[in-house]
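Trainee: What follows is the residue order along each chain.
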Amino acid sequence: MVPLSWYLALSAVLFTIGAAGVIIKRNAIAMFMCIELMLNATNITFVAFSSFFRDVTGQLFVFIVVTVAAAEAAVGLGIIIAIFRNRLSLDVDDASVLRD
Amino acid sequence: MTILIFLLLAVLTIGCAVAMVAQRNPLYSAIALIGVFLGMAGIYVTLAAPFIAAIQVIVYAGAIMVLVVFVIMLLNVEEEVRRPLRLRYLIPLGIFLAALLFAETAFIIYFVETSAYNPPPATQSNVGLTASVGTGLFTKYLLPFEITSLLILMAIVGAITLARRVPTLEINRPRRRAAEEERSQTSAD
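In order, the protein sequence lines correspond to chains A and C. Numbering follows my numbering, in which position 41 of the first sequence is assigned residue number 41; successive positions increment by one, without gaps. Numbering follows my numbering, in which position 29 of the second sequence is assigned residue number 29; successive positions increment by one, without gaps.
If we strip away everything but chain A, and leave its shape as in the complex, we get (with noise of 0.2 Å):
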């Protein structure tokens, strides 16, 4: 059986990668796909808690966390694609002010 501590320090790791890319990253699709990660590293404490304390709720989160992340994904596409139409750019350093 693998311990609970290794599952737990796979998804520090994965977090922070996630956390370093939306940092490092200026393409505001890469930065999107960190946020995924970052919400993904949190998903595999929540079920390897729930499955070394024989709980069930940890697992409904996780249900929970990817229903978020879809309504996510389909929000945040949708701000990328309207800020392309008007920036004709990806770059978040081009989208620093909120007008036209």
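Watch out, some of these pointers could steer you wrong.
Result set (SDA-like, lysine to any residue): computed pairs, CA atoms no more than 20 Å apart in a straight line [to be verified]: (1) C:K140 - A:A82; (2) C:K140 - A:V2; (3) C:K140 - C:L129; (4) C:K140 - A:I64; (5) C:K140 - A:T67; (6) C:K140 - A:I23; (7) C:K140 - C:V157; (8) C:K140 - C:L74; (9) C:K140 - A:F53; (10) C:K140 - A:F61; (11) C:K140 - C:L150; (12) C:K140 - C:A159; (13) C:K140 - C:T130; (14) C:K140 - A:V65.
Please keep in mind that the hints were generated in silico from the structure rather than gathered at the bench. Please read these numbers as outputs of a predicted model, since none were measured by experiment.
Got chain A sorted already, so can you dock chain C onto it with the hints?
Mentor: Just chain C now, with coordinates in the frame of chain A:
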């Protein structure tokens, strides 16, 4: 044996995640992210959670990534250009914050390792199965589940509103016009 499988999946997942961040082409990043999601689905299977593994593959690796790849191809994204770093003093600060995050995580892992909790004996449990997840979702957690459907409705309306093409006067958009001129000049070169 389980440890070996876990290590293989963890190496696959972390490797794909690093490749995703290091990659400059967004399409290659998306493909690496699909690798991350598949590796995570395998990790859920090692945690005896087949339902979560299935929705990981179907919703994430299937639906969401298809949407992302579709948008990448729709917008015809080029590779990121390397820009000079403007805020050079932020690098030591970033290293310090990364060390802090790592220290916090190490503390939590140490705390978990030394805690007095003894897991129950490994009997045959039905925690990860679809039946138990569905029972929990439709009895004790019915209200959050219904609120989720409201959230999705709002997301649909929001996505349609955001992506709708609004007819506006071109003269009101100097920034877009400037970008178009710049683009036509670079393509002429």
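Trainee: Which numbered hints does this structure break?
Mentor: 1, 2, 6, 7, 8 and 12
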